[in-house]
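Undergrad: Assemble the complex: chain A is given as a structure, and chain B must be docked to it using the hints.
Same order as they appear, the protein sequences are chains A and B.
The opening position of the first sequence corresponds to residue 55 in this note's numbering, with each subsequent residue numbered one higher.
The opening position of the second sequence corresponds to residue 6 in this note's numbering, with each subsequent residue numbered one higher.
Don't read these hints as lab results, they were simulated from the structure.
Built from N, CA and C at the ideal position, the CB exists for glycine as well.
Treat the hints loosely; a few may be bogus.
Mimicking DMTMM-like on lysine to aspartate or glutamate, the simulated pairs with C-alpha atoms at most 25 angstroms apart in a straight line are [claimed, not checked]: (1) A:K165 x B:D100; (2) A:K173 x B:E59; (3) A:K165 x B:D94; (4) A:K173 x B:E19; (5) B:K13 x A:D166; (6) A:K173 x B:E141; (7) B:K13 x B:E59.
Some chain B residues judged to face chain A by a derived CB distance under 8 angstroms, without partners named [as the list claims (entries may be wrong)]: (8) F57; (9) E59; (10) Q60; (11) L66; (12) I164.
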Amino acid sequence: MMPFPEDDPLLDADAGPVVRPYSVTYGRTRPRSTLDLMTMLLATGRTPPHMEPEHAVALDLCRSATSVAEVAANLQQPVVVAKVLLSDLIAWDALIMGAPTVDTPDLQTMKDLLDGLRKLQFASDPDRSEDPDRGGLRGG
Amino acid sequence: MGKTTLVKAVSEIEPLTTEENLTVAGIGTDSLAGVENKSTTTVALDFGRMTFPEQSLVLYLFGTPGQDRYWFMWDELSRGALGAVVLVDTRRLQDCFPALEFFEQRGIEYVVAVNEFDRGFRYTPAEVRDALTIHERVPIVMCDARDTRSATTVLISLIEHVLLAVTSRSV
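Here chain A stands alone, though its shape is the one from the complex (with noise of 0.2 angstroms):
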């Protein structure tokens, strides 16, 4: 009844994924949600009583607003999986997704996201290499 047998050698995230893709949705491959690669996901702090591994790790991934796309690589499973996985949590009330994605963003947004790029684009400057701005940008 094992998954797997106890000398199996998958110690750690270097072994790959543990069960295959499609094992940890048995079989699902239709998320109950419309969820796209860019769809943000909160916690919203309610653990489910019943969840498998996967779904754990997946909710853990969303502490802090996650993107999809992102959700599925940190899990290296194929997106449709990652979605599968994350609709599950949004029924069981453990996530909330953002606001679908709109087909087109506001001015003000691109603009700021321009002025963004180009003071990026000023600090990455050769001559100007020790900007503060750099590191700042890149922290985390």
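TA: Then chain B, alone, in the frame of chain A:
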């Protein structure tokens, strides 16, 4: 060619790679066996992030292959996207035709960035425009995808272009 490099050059995180399964989108079946039979046809998706704390903005960058069999991924990625960068490898100019056609058809703003490798063929922007019959309103930028500053310039060109397109449309 070079899209992972371009994402890496500007992303604050080490570019993440995930994969989208071709058959899942194509078949839409819940059969585990069916999916597993064709699980080799996956495609890598590069993903990067830039945070602008001052502007309270996060920019996500997605890199996908240019072959037209990946159109289903472009569809999802282009939903809500600010715009697109079509990265051109001068050794295989014709490879970007499907991408150019896709963005033209969908009315998604894009710029063409020509990745200049040290040993690649050098073209002028005008030559690239002629060869690919790119409309004169679409900017063509020469770049070195490995260089942060150069890659940032490509993004600036794109946003400038999108802004121009949006404002001229609403006049």
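Undergrad: If you test the structure against every hint from before, which numbers come out violated?
TA: 1, 3, 6 and 11
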